[in-house]
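*Asks:* In case you want the letters, here they are:
There are 2 protein chains.
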Amino acid sequence: MAKKWVYLFNEVEKAEAYAGSWDGVRGLLGGKGANLAEMTRIGVPVPPFFTVTTEGCNAYIAEGNQFPEGMWDQMLEALRGIEEKAEKKFGDPKNPLLVSCRSGAKFSMPGMMDTVLNVGLNDETAAGMVELTGNERFVYDSYRRLISMFGSVVLGIDDEKFEEVLDEMKAEKGVKVDTGLNAAALKDLVEKFKVVVKENKGFDFPQNPLDQMRLATEAVFGSWNSPRAIAYRKRSNISDKLGTAVNICTMVFGNMGDDSGTGVAFTRDPQTGDPTMFGEYLLNAQGEDVVAGIRNANPIIQMKDELPEAYHQFMDITANLENHYRDMQDVEFTIERGRLWMLQTRNGKRTAKAAVKIAVDMVNQGLISKEEAIKRVETDHVDTLLHPQFNLATLNEAKKTGRFFVKGVNASPGAAVGRAYFDADLTEAKAKEGEAAIMVRPFTKPDDVHGMLASKGILTTEGGATSHAAVVARQFGVPCVVGASNAKIDMNKREITCNDVVIKEGDWISVDGTTGEVYLGQIDVVAPSLEEQVELLTLLTWADEICATEGIRTSVNGSPTRGLQVWANADYPADARRARSYGAQGIGLCRTEHMFFEPERLPTVQAFILAKDEETRTTKINDLLPYQRSDFYGLFEAMTGLPVIIRLIDPPLHEFMPSEEEVFEEVITMRVKGETKGLAEKEELLAAIRSMHESNPMMGLRGVRLSIAMPALVEMQVRAIFEAAAEAKLNGFEPKPEVMIPLTGTVNELKWIQPRLLRIAKDVMAEKGVEFEYKFGTMIEIPRAAVTASEIAEMAEFFSFGTNDLTQMTYGYSRDDAERAFLVTYVEQGILAVNPFQELDREGVGKLMDMAVRDGRSSRPNLEVGICGEHGGNPPSIEFCHMVGNNYVSCSPFRVPVARLAAAHAALAHRK
Amino acid sequence: MAKKWVYLFNEVEKAEAYAGSWDGVRGLLGGKGANLAEMTRIGVPVPPFFTVTTEGCNAYIAEGNQFPEGMWDQMLEALRGIEEKAEKKFGDPKNPLLVSCRSGAKFSMPGMMDTVLNVGLNDETAAGMVELTGNERFVYDSYRRLISMFGSVVLGIDDEKFEEVLDEMKAEKGVKVDTGLNAAALKDLVEKFKVVVKENKGFDFPQNPLDQMRLATEAVFGSWNSPRAIAYRKRSNISDKLGTAVNICTMVFGNMGDDSGTGVAFTRDPQTGDPTMFGEYLLNAQGEDVVAGIRNANPIIQMKDELPEAYHQFMDITANLENHYRDMQDVEFTIERGRLWMLQTRNGKRTAKAAVKIAVDMVNQGLISKEEAIKRVETDHVDTLLHPQFNLATLNEAKKTGRFFVKGVNASPGAAVGRAYFDADLTEAKAKEGEAAIMVRPFTKPDDVHGMLASKGILTTEGGATSHAAVVARQFGVPCVVGASNAKIDMNKREITCNDVVIKEGDWISVDGTTGEVYLGQIDVVAPSLEEQVELLTLLTWADEICATEGIRTSVNGSPTRGLQVWANADYPADARRARSYGAQGIGLCRTEHMFFEPERLPTVQAFILAKDEETRTTKINDLLPYQRSDFYGLFEAMTGLPVIIRLIDPPLHEFMPSEEEVFEEVITMRVKGETKGLAEKEELLAAIRSMHESNPMMGLRGVRLSIAMPALVEMQVRAIFEAAAEAKLNGFEPKPEVMIPLTGTVNELKWIQPRLLRIAKDVMAEKGVEFEYKFGTMIEIPRAAVTASEIAEMAEFFSFGTNDLTQMTYGYSRDDAERAFLVTYVEQGILAVNPFQELDREGVGKLMDMAVRDGRSSRPNLEVGICGEHGGNPPSIEFCHMVGNNYVSCSPFRVPVARLAAAHAALAHRK
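Note that the protein sequences, when read in sequence, are chains A and B. Just so you know, we're using our numbering here: the first sequence kicks off at 14 and counts up by one. Just so you know, we're using our numbering here: the second sequence kicks off at 14 and counts up by one.
Hints were generated in silico from the structure; no laboratory data involved. Among the hints, a few may not be true.
In this list, chains with the same sequence are indistinguishable; a pair is considered to hold if it fits within one copy or across any two.
To be verified - Computed cross-link-like contacts, EDC-like style, restricted to lysine to aspartate or glutamate with a CA-CA straight-line distance of at most 20 Å: (1) Lys501 / Glu697; (2) Lys860 / Glu804; (3) Lys506 / Glu696; (4) Lys107 / Glu97; (5) Lys501 / Glu696; (6) Lys695 / Glu678; (7) Lys458 / Glu707; (8) Lys686 / Glu675.
For clarity, every value in this text was computed on a predicted model and none was experimentally measured.
So that you can see chain A by itself, here it is in the shape it has in the complex:
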C-alpha cells in the first residue's frame, strides 16, 4: 500500500498519530496546513482543504520531480472530500469548485515560495460561475488572474509579458488602475492572456482543472529549491531537508458584494502589546486589495457596523484562537456573502515592547505560565528595550535623502546624535560645555577613556568588536560603531571622509551602535528607561525566580549548585548603583587600573614606575592609598550585603607611560635640530619606556607576575580594600570584599602572593577591630590555570573566568590584532562559525572551562565560579556557563537585564 501523502481537512488526528507531536504535525503538514487543520478540528470555519505533505515534496524531489506512488490518487480522493463538504464540484460548470494551491513549510518563509489562486477556472466553469453569481466582472477578473499567475508561476513565462498586455488594455480603455476595467474588457483580457501563453509556450492554457491542480502542485514543490528559497533558508538556518507542503484550499471570495469582505488582524497590538484587536478590513474586496493598499483599508471596528453578525463571530473566533494557541494570533479572514471564513492563523510577529507586555499580560490572565512567558521573550527584545533608538520615521527620511554616511561594526548598541570631535580632550571639553559630542578616532587607547565617557557616542575607523573602543563602550553603555574602514580620518585636517563626503570637526553626526550605521546630521532619538517598563521589570523578577528554582544543577561532588546569578562588571560606585538597580546580585569585576588613569593620579603612578629607589617608590605608592580606599568605599556602600570582586592591578606598567613613538620622535627631532635643553631627560624617559617594551605585552609582565615582581603595589591595594571595607562596616554597611588575583598560571604564584595579602587583610581587620566576610580568589584566564585547576583551587576560594584572555590564549589570537588581521575573514569563510570573542567557543575554550570547574570543585567542593569576560553578557555564552555549573555570570551593568533573561532561558532549557 502506498504511503499516506495527503491529509484531508478533518484528518489532523491521523497526522498527529503519525507525526507523534504537534511539532511533528507542523513538520508534516507545514505551518499553514497544520493550523488550518487545527482550526477545523476546533470548529473554526475554514474553507474545505487538503494538504499534500512535506514528505510528498521530498519524495517528489528525490524521484527526479515525479509524484511518488499513490500521491495523485490520494489527491483526487481528497478533492472529492472537499467537493462533498463545499457542496461544489471541481470542473463542474454548474457549480464549480475553485481552489487555491499554496505552499506552506514548517517554518514561515514569507514570499519565498509559490502560490496559485483560482485553480479550477476555465472557459466552461467561468461561464457557469457567471450564471451562478451574476457577476461577470468578478469572474473574468478571477480568470485573467489565474492565467497570468499560472502562466508566470507554473509555466515560467515572464511576468512582464502579461503586464504589457494589461497596460495596453488600460491605455486602450483610458483607465489607470485595474479596477477601472469593466467585465467586457476583462473578458477580452482573458483571451489576450491565452494568446500570451500560446505564443510563449507553444501550447494552450490548460483548460482541464485537474491538469491545473497537478501542474500548480508541481510548481509549488519546485519552488522549494528556487535559488531565493535556498538563500533564505541558508540565512535563516532552516534545513534544506524539510520540504514544503502544498495546501489545496477551497476559494472563498470577499468581493462578492456588500455582504462580503476581507481582512487581516492581530489579536493584540503588535506594536505596543495592548490587548485590543488590531487589524484592517475592507468591504467587498479581496485579500490582495488589503495588502496592495489599492484602497485604504478600514480599522476592524468598522466591521461591527457593516457586518455585525460576522464581526461578533470573528471576535469570538479570534478570542477562541488566542486561548487555544495561548499566544497573540495573526489571522486572515474572508466573508463571502455574509459567511465568515478563517483563512489563516499563526502566532503574530511583534515588537520587543509588545513581546514583553503580551507575555506578562498572558501570565496575569492565566493563559500561560511564567516559564512560558520567559521563553517567549527573546534576549534581543530586552536589549532593544534598553537602548536609545532612532525614531523610525526620521531615520527613513534620512535614508531617502541620502544622509547615510558609512557602515562599520555595531560594537555597542544604541543610537546617539552629536557633533563630531576628533580627540578625547576636545570631546570632554565640549561635553562639559553642554554639547552633545561624538568622539571620532582611528582607534582608542586607555588614556582616551575620559573622552569616551563624556561622549554621546563613539565612531572609530579601525578595530573590531572587541577592540578597546568596543569593550569600553559596551562597558559604559555608550553607543559605538568601530572599524568603519571605508571612511578615512585625516587628523591634520580634522575631518573624516567616505566616498568624497566629508564630515568636519563640529559637524552633526548620528551614530547607530545597534546597526553599525552612521548618518550625516541629526536623527531623532527615543530613549527608554528600565524603571518605566513595568512589564519588563516583572518579567525579569520571574526570570530571577526561575534561575533560583529551576537553575539548580548537580555539582561534581553530587551536591546541588544554586541557580545562575547575574553580577555586573563595575569600576565606579555610579556603575555599581546602576548595576544594582538593573538587578545585579554582586560585582563580578572591579578593574582597579582605571582608577590609576585619572588625570590627578597618573603623574603619581608614573613617578612610582620610574622611581629609582625604594623610598621614592614607597612614598608614591602611599600617595595612591587614599584614592584607592575612597574608590572602594563607594563600591561597598553601593553594594552593601552583596559580594564585590576587586581585581588587583592587571595591565603591564608601560600602559601607564607616554607612547614610545611620540617620545622617540621628540628625541630624534631634538637631536637633528641640535637642541640640547631637556634632551637628556627625554632620552632617559625614552630609555625607561623602551626597557618596559615587550614583544607580546599580552603575554608579558602583568597580572600576578607584576605583583610578584613588585608586591608593594598590590599590598597597598589590599590595604585600601580592607580599610575601605572596615570603614563601611563601621558605618553600618555590610561589605563583602572578594580579592581577585589576575593571570594566575601556576598555584605557586598564589602560594607566593596570597599569604602576604591575607596577612594585610587580617592586620587591617585587627587594627580597625571589625570582622566581615571576605574571599581570596583568582581569574582563570591562562589555559594552564584551567588545566591545573584542582591545584589552583587549593588556594583560590573562587574562580572567575576571564574569557577574553582565555579565548586569546586558547586560540592564540591577539585580541588587539586578530579581528583586523583575519578574524572577519575567518567568520566570512565559515572557518569560524562565530567570532569567539563575542560568543564563547564551546568546543575549545569551553572544554577548558568545563575541566576547570570539575577539577576545581574536586578539590574545593564549594568553589565559587563565575565569568567576568565580555562573554558574560552574551546569551549563548550564558547558557554555556549554566551548563558547566557557574554560580554567576558578570557583565556590563547595561547587559544585566539581558543576562537575567538569558540565565532563565538556560535554566529552563536544561532543567532536569
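With the hints as your guide, set chain B onto chain A.
*Replies:* For chain B alone, coordinates are given in the frame of chain A:
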C-alpha cells in the same frame, strides 16, 4: 622488645631480610655501612665493625636527641662482637681496641658530616699501646689527634684553639710540619690539648672509652642536621628524612712500619675508562697523608715491589669487588703489619669518556647487560663528549691570571675562541678571510643568521635560553652565551665592557657555552668528533635497539606503538646529512622561512609582500619556486628512504621587512632636515611596515592564518616540495615528504587549505608521472588544537607538537620577553621548578599533549605523533614524550645522540 638499632659486621642478611632489598639495606645501614657489610659477607678482609642504623638516627632526633630504648645496650653488645673478632678489648690497656666513629648516609654527602678516629685511646690505653707496639711516637700522635678531633667535632671547641697550641709547639721545637715532632713532643702536646679541653669546656677530656663512643655517636647523629648538611641535601635533592647511620669500626694503622701502608684506587682509569688499576699508595703512612698530599704518593704498582703479597691480594680483591658490584670501584685500603684491610668500596665517579668506555667494555666482558650499560651512561655525558671543550690546564691558568670576563646564560654548549666582531656582516667577512670570529651583539635577529653561522661562537648581553640567539645557536651547534647582562656593548665605540675591562673589536675572546663563562684572550680548545668515539657509537646503537624493542607502548586503541625514534630539525641538506650521520631516523622539522632570508632571495620576498597587484605578486612568487625546489631536493637526497617533514611558511610577514624603528628614524630625520628626495618612498615603506604592525605578533597573522589569507605562497611551496620529490624519485632516491601546516587552531583551517594543497601534490605527481609516499599533517602548538585534537586528526595524518609555542600559549608567557621579565625570578623563587621553555611542563602543557595524543588517535588510530619544539632534545621532556606515546622526538642534529640515549632511558624506565 626493643627495635633492632644495631647490625654487626656479619648481619647483612638480617638487614636485607628487614629492609627487603639491597636499596633498602643501603637506606638502613647507609652506603658505607652496607658496603662494609657486603664486603664482609663475600670474604673481603674488613676490620670488624658494627653499624647503628639510620632509623636509630631518626629516632634519636625524634626523641629530642636521646638514644632510643635499647640502642646503647645493642651498641655495647655489638662492641663485644667486634672485640671478639678483633681479639682486642675496648679500653683494655693490655690489648686495647681502638675504633673510628664514621657517618654514612644512604647517598654520599662527602665532607658534610662528622667522623672521629682513634676512639678508645686514653692515658691508660695509650700507655698499653706503647708497650704493645713499641712505637711511642705513633701512639701519642694518634692520641693527640683524637683529643683535637673529639674536641672540635664532639665538644664543639673551635679548631683554632688546638691549631694555636700545635703551632706554638712546632715553633718551640723549630719544626715546620707535624711529622717533625718527636714522641716526647707529641706526648707533651697531648697534655696541652687536654688543657685546651678543660679550659674551654670546664671538664676533662673523657677518659672513659665508652663515654667517647657514646658522645662521638651523638655528634655524628647531630651532624645530620648541621646547616651545611641541610644546605647540601637541598641542593642535591636528598630527603631530610633519610638520616645517617654511624659505623663503629676497628682502627687499623698503615703507619706501623715498613710492613704497613695505605692507599686509594679506582679499578679502572676514571679519566679514560681504560681497564687498568689507577691509584696511589704510600708505605708506612695513614690514609690522611695520601689525601693531604703531605708526602708524594706513589702509583699503586710500586706496592708490587714493596709489599708483593699484599699487592697480589689487593689485586684479587679489587677484581673480585668489580665483578661483585659489576661496576668500576673506588676503594680505600690499609696494610697493617703486612695484613691488608679494605676500608671502603663504592662505585667510582668518572668522566663522560670513561663512563661510556667502561659501560661498553663491561658489556663486552659479559659483566653487565646492554640495558645496564645504557642506564649507567648519563645524557650529560654524551652531551659533553660532543662539544669542544677548553683544555682544563689552560682554563685554570686563565682563571688564575684574572682573565675571567663575564658570565651569562649557557645557551648552546661547547667552547669557542676567536676575535670579537660586533655585527653579522663583519663576522661573516672576517670568517671568509679565514679568521676565527666570535659574534658579539646585544641580541640577534633572523637577518643576523649568516653571521651566526659563520662564527665560532656567539655572545649576547640580552635574552635568555630561548632567545633567538640561543635557539639558532643550539640548532647549528654554535657555542653561545646569552644574556651576559653585566657587560654593556657600545655599538658606537664597538666595544664591550664589564667591570671596566674593555674588549674592543678584533680582540681575542674565549666563550664557553657549556658553562656560560667568557674569558679574555685565547684558551686551548679540545674538539671531539662522534665518528672517532667508537664506544659511544656502539652504545648509541644499543640505545636504538632498546628503543625499538623495549620502547613499545600500548596505544589508546590497544594496539602497540613502536618505540620512540629520534629525528632531527634541519633546514638545509648539510644539516640533514649531519643529522643522519648522528643517527637521526627522519627530519621532524624543516623550517622553510630561513630559505627566504638569504640575501639573494630577500628582495624578491619583500617585493612580493609589498606588491600592489596580483600580477606582481604572482611573478614574485614564481621567482621563488626554483630556489625552494632545489632546497628541498637536497633534503630528499640526503634523507632518502626516511621521512622529511617540511613546515609551510610560519612567521608573520613583517619579519621579512626592515625594522620600523630604523625607517621611522630615517623619515623623521629627512623631514626635520627638510630633505624631500626619496622621502615619499620612505614614507610609503614606513606606512607599509606599520600596516603590518601587530600588538602581539606571536598571536597574529602567521602560520596557517597567513596561508589562508594568501594561499599563493604555500601553494608555491607545496609545488616546490612535490616537484623536488618527483625529481629525486626519478633520480633513484626514495623521497618521503610530509607537509606540515603550522599554527592550526581549528580543523576548519585544515579543511580550507589542505584540499587545495593536496590537489597540487596530485597534479605534480601526475605531471611527472611518479608516485611516492607522502603525508599532510599539522603542528599542535595552539592549546585549542590540543583540546580539539580528535577533530583535527580527521584531517591531519600526523601531529607534531610545537612545544615552544604550546608552552607560550598555555602559560601565556611571551618567549621573547618572559625570561628577561620574570621567568628567571620565578625559577629562583621556586614558583617554577624549571624554566618550562627548557624542560616540558608535564602538569600543564604535558596534560594538553596527553589529551591530544589520546583524542587524536581515537579518531585516527595510526596517527603519527612527534615533537619538534626545543624540548625534543631535553632528556626529561623526551621521557615524557615516550610516556604519552609519541612516535618520535625531533631535535637539533647535534642533540640527536643525546636524544637517542634519553629515548632508551625512557624505554627502560617505563617498560612493562
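*Asks:* As a check of your reading, is Lys501 near Glu696 (CA-CA no more than 20 Å) within one copy, between copies, both or neither?
*Replies:* This pair counts as between: shortest inter-copy Cα distance 18 Å, intra-copy 33 Å.
*Asks:* Cα distance capped at 20 Å. Does Lys695 pair with Glu678 within a copy, between copies, both, or neither?
*Replies:* both (10 Å within a copy, 16 Å between copies)
*Asks:* Can you tell me if Lys506 and Glu696 fall within 20 Å by alpha carbon in one copy, between copies, both or neither?
*Replies:* Close across copies (19 Å), not inside one copy (31 Å); limit 20 Å.
*Asks:* Classify it for me, Lys860 with Glu804: is the Cα-Cα distance of at most 20 Å met within a copy, between copies, both or neither?
*Replies:* For Lys860 and Glu804, the Cα distance is within 20 Å both inside one copy (18 Å) and across copies (14 Å).
*Asks:* Since the copies are identical, ignore which copy is meant and state whether Lys686 and Glu675 lie within 20 Å (CA to CA) inside a copy, between copies, both or neither.
*Replies:* Both. Shortest intra-copy (16 Å) and inter-copy (18 Å) distances satisfy the 20 Å Cα cut-off.
*Asks:* Is it within, between, both or neither when you check Lys107 against Glu97 at 20 Å Cα-Cα?
*Replies:* Only inside one copy: Lys107 and Glu97 sit 15 Å apart there, 141 Å across copies, limit 20 Å.
*Asks:* State whether the alpha carbon distance between Lys501 and Glu697 is at most 20 Å within one copy, between copies, both, or neither.
*Replies:* between (35 Å within a copy, 17 Å between copies)
*Asks:* Given a CA cutoff of 20 Å, do Lys458 and Glu707 count as a within-copy pair, a between-copy pair, both, or neither?
*Replies:* Cα proximity of Lys458 and Glu707: in one copy and across copies (17 Å, 15 Å).
Of the hints listed earlier, there is not a single one the structure fails to meet.
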